[in-house]
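Kindly produce the complete structure, drawing on both the sequences and the hints.
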Amino acid sequence: MTPKDIDWTRLSAIIDKHKAERWSLIPLLQEIQEAFGFIPPESIEIIADALKIFPVEIQGVITFYAGFSLLPKGKYVLKVCRGTACHVKGGRSILRLIKTQLGLEEGETGKDYQFTLETTACLGACALAPTMMVNRTYFGKLSPPKVTAVLAHHSKDKE
Amino acid sequence: MENITLFINGKSVSCPRGSSLLEAAELNGIKIPRLCYHSELKPLGACRLCLVEDEKTGRILASCVMPAAPNMAILTDTPRINRHRRNIVRLMMAEHPESCIVCNKGNRCQLRQIAAQLGLGQTGLYPMPNYKPLEQANPFIIRDLSKCVLCGKCIRADHELVLAGAIDYNFRGFKSRPLTLHDLPLEQSNCTFCGTCVSICPTGALAPKNTAHAGTPEREAPSVCGFCGVGCSLSMGVIGEQVVEINPSDSKDSVNGATLCVRGHFAHDFLNAGQRLTQPMIRREDKLMQASWDEALDHAATRLMEIKKTFGPQSIGFLGSSKCSNEENYLFQKIARTVFETNNVDNGGYLSGRSGLGPIDSKTGGGWRVSPLANLEKAESIIVIGADPGHTTPVVDYYIRRAAKKGVPLIIVDPRKTDLTPFSTVWLRIQPERDVKLINCLAALLWKRFGHDSIFIDRFTEGFASYSEGLSSFNRERLCVEAGVDMSALERTTDLLKGKRIAFVVGHGILQQRNAVRAMEAIFNLMLMTGSLGSDAGGLYALARENNQAGAWDMGSAPDVLPGRQHLDDSRQRQRFERAWNTRLSPDQGLNTIRMIMEAEKGNLKALYIMGENPLRSLPQHERVLKALENLELLVVQDILETETSTMADVVLPGAGFCEKSGSYTNMEGRIQCVDPVVSPPLGARADWEILNILSERLGLPSRYNTIGKIRAEIVQHVPGYAGLDHGKNTVWISNNSQRRLFNREGQGEPIAFSPVVFAEDSPQNEDYPFTAIVGSKRYHLGSGTRTSHSRRIRNLGKNGHAEISPADGLELNLADGDKVRIHSQCGSIVREIMLEKGLEKGLVYLPAGFNGNDVMKLIPLTPFEDRHSTGLKTCRIRLEKLQSVT
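Chains A and B, in that order, are what the protein sequence lines are.
Per numbering that gives the first Met the number 0, the first sequence starts with residue 0, numbered consecutively.
Per numbering that gives the first Met the number 0, the second sequence starts with residue 0, numbered consecutively.
Hint data in this document are derived by calculation from the structure and do not stem from the laboratory.
Note that the structure is predicted; figures quoted are calculated from it, not measured.
Quick list of in silico lysine-lysine cross-link-like pairs, DSBU-like style, CA-CA up to 35 Å: (1) B:Lys174 to A:Lys140; (2) B:Lys497 to A:Lys16; (3) B:Lys499 to A:Lys16; (4) A:Lys18 to B:Lys405; (5) A:Lys18 to B:Lys841; (6) B:Lys499 to A:Lys18; (7) A:Lys78 to B:Lys174; (8) A:Lys51 to B:Lys377; (9) B:Lys174 to A:Lys88; (10) A:Lys51 to B:Lys251; (11) A:Lys18 to B:Lys404; (12) A:Lys72 to A:Lys16; (13) B:Lys174 to A:Lys98; (14) A:Lys51 to B:Lys497; (15) B:Lys131 to A:Lys74; (16) B:Lys131 to A:Lys98; (17) A:Lys140 to A:Lys72; (18) B:Lys208 to A:Lys51; (19) A:Lys88 to A:Lys72; (20) A:Lys51 to B:Lys174; (21) B:Lys416 to B:Lys841; (22) A:Lys145 to A:Lys110; (23) A:Lys18 to B:Lys837; (24) B:Lys841 to B:Lys404; (25) A:Lys51 to B:Lys499; (26) B:Lys41 to B:Lys251; (27) A:Lys51 to B:Lys416; (28) B:Lys404 to A:Lys51; (29) A:Lys18 to B:Lys416; (30) A:Lys72 to B:Lys174.
Partial pick of chain B residues on the chain A-facing surface, computed with a CB cut under 7 Å: (31) Gly164; (32) Phe170; (33) Leu180.
Cβ-Cβ distance ranges computed for the label pairs, FRET-style: (34) A:Pro39 to B:Thr56: 45 to 55 Å; (35) B:Thr56 to A:Glu105: 44 to 54 Å; (36) B:Ala115 to A:Arg95: 44 to 54 Å; (37) B:Met127 to A:Glu105: 13 to 23 Å; (38) A:Ala19 to B:Glu481: 29 to 39 Å; (39) A:Gln29 to B:Phe173: 18 to 28 Å; (40) A:Ala19 to B:Gly120: 54 to 64 Å.
For each residue, glycine too, the CB sits at the ideal point set by N, CA and C.
This is the structure in structure tokens:
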């Protein structure tokens, strides 16, 4: 998903679905995040209008939660674990390897919007250390060959 | 409210149930340190400095958010708590830049004060200042977020008090900061520069810009704002004899609380403008030359008396000011009426639509006058009609926003999308000046659906039968279409209003339009029908443009009324004043502002004494006004600034600004506020009442007012409603002397009459001038902008006023943002830049007034308001001509 093609019809359908609910802001934002991979900054004022709250309050909520992003993300979001167990099991080298292979630093998204690289404090799967997630899928007991295989599997060429 | 008892530091104290521990302590004189608490904001518990210890359980509690409970025992000052407090402050200091020496907050910085109280010098921590770029592009506010302690007061002031929605907490942890939408600079955000956040900020993170002085003012003194009719209480920071800073005063019962607006907060720097008049001047050989006070006053007095003798009393006009105090206006009209035996006395309030309110005043015997704005938040429903209070009277706007947020139904009647429409329940998008039709339709619909208050109607009114007959005599659907409003929207409004009392907020869209009187009568009928008058749940709030518009009228500074708004044709009142003043009073109305100019144009008016008005800027058709003033044998101008008008005068008398003299001012609510001078007038200038006093002596007026108290005593004696003024209190309310049953405690007196249902003609279409221009205000200028254009900050904002048109018209005429157009009306033309504005409908052009020497007035014909052929001052027909840009 590139930022250019925001489907405004879909966006307003999501807003319409939630606007009558109580405490609807977070579910609404979650659905937009899910559908678009990010929350288009241009949509903030439209949401504010529908929910009758200040646009800046919505921005406050979006920037507070790590789960929301105002920048478009890649098709695959990698979350590399930096927890203690993963660290002991060589998580740092895994992260370094991924950085080199993707050419991305933490928090960055590739120009082709294929990958976004993020790190996280702990994925809660310490028995499988070192671990990472690609979107909602866990990959455990990572080794350099396995990392290369996972990245290759999700790369654009493969599709 | 029920009180509870608890123990603080071993002492038994009591407080109302529902108070927080901090409030309970405060109430009993025990001070608890805090940074994020403010009495007008909901407590947040962010700074954790107000920690106290529960004596029984040892628990540590944040006292600002912990409700006090009976028999609680708390300690506010134990070593344990102080250790916590010290650590919190140390961490804040470690994150704070060490720029105290250049910080505007100076010794008023609360972080610094608390650190001092806790005995903190060096923190002993590694400094980790969180540097952020300094924002100071706008001329009002400097934002230095590296000094932010995240107390959230600015955010809460924004969301709870002024409801602008400009900032909120963004991000979290170390990155957390109050930011605007998309982190844009303030001038590109929703910020209105009301400055409420600046005054409330405990540190130097938010500071006023362009002050002549940085740091703590030498002293602070209370005053009342000199701009709009709300009359906000101010605290003025002074160095020497210069006002360097303005904040809202912390008095508990002020109209504005902790809020102000951009003018009140930042535009008072006009007081220090280089164009202040500081020397009396006399025109000699066509040049204004400096003169002594004696020379100038002698010259003025002699010439005025000569002209009276030669041409008679009707040849002299007195134009007073709705910006001058009650005392000054009283004296001014007294001089006119007694020495010169003329009723040719008026003030700028005429231009702000006094004529529309006159009939309401007569009908109610003045009973509608006292309408505290605080009641707006208790209203059952609110209709804002022809008003954009966010720009004209921002504090009223805050009240309405807060009411709407609480769930009070808000109906907006306006052709334009205003700042308030996003808060509305229904927006009736009416065609300009069709208000009479719409209001009558709404009344008819309410009557049909039994939305009237029959008990109120029976008890307090008369003439309902013929009124209701009038309501069923017209075709609602057709009128509704003509008014430009959807019938379904009107039906929805009726459903919302049924059985509710209504608070009407009436602005200049009504008061300055051609049908002002009829529109006001229609509104008033609707008020009577719904029982909205004389109740806290409803009421009439007529926006006043200037600080003493109501008071100047009360003082009789008008051609048709004596002090107390007593009509000249009431012989009993006339005789009363004849006895009091030992004079003869003519029962004939004098000339109003516009008629004075028109008579001068014809050569009938020979002399004009102007106090604090600038007709060459505020009146329509400047070139006609100029010729009229040139026609005069004598023009005396008493003012504080060098204005378009003062440069033409034969005698110039330098007066004093509102905070440089004593006086009382009556605001739009009916609140009379007395102020003492905060600073002295610039050397050479004098308080206006002193000038008038010396002049009256030279003119042979027997009584001598060497103190303001003497004038005040006479007002108390002669002006009904002002009896409370001599009790030595700073704030009193107009007392209600209405003889109408509704306002009488014993239920005695006359009923109030309904007006018949009448309609007004629509303004004729004119093919040559296809657009309707609406003239309105922007918050940066007050009225015609004489004073605000002398504010350095407002000038630095660099706004010139646009011509706002709808995008549809822009497309049709091939006009884009920034294109220059010449705007033609039947009487003149001006040049403006185009701004496309989505909130406007096709065919409408919005022209903000006050900019470029108030050029919009060149488009409007100079005709008296009450004239049937008048266009009013609100709209005119125009056409647009695109100018080729010179590149």
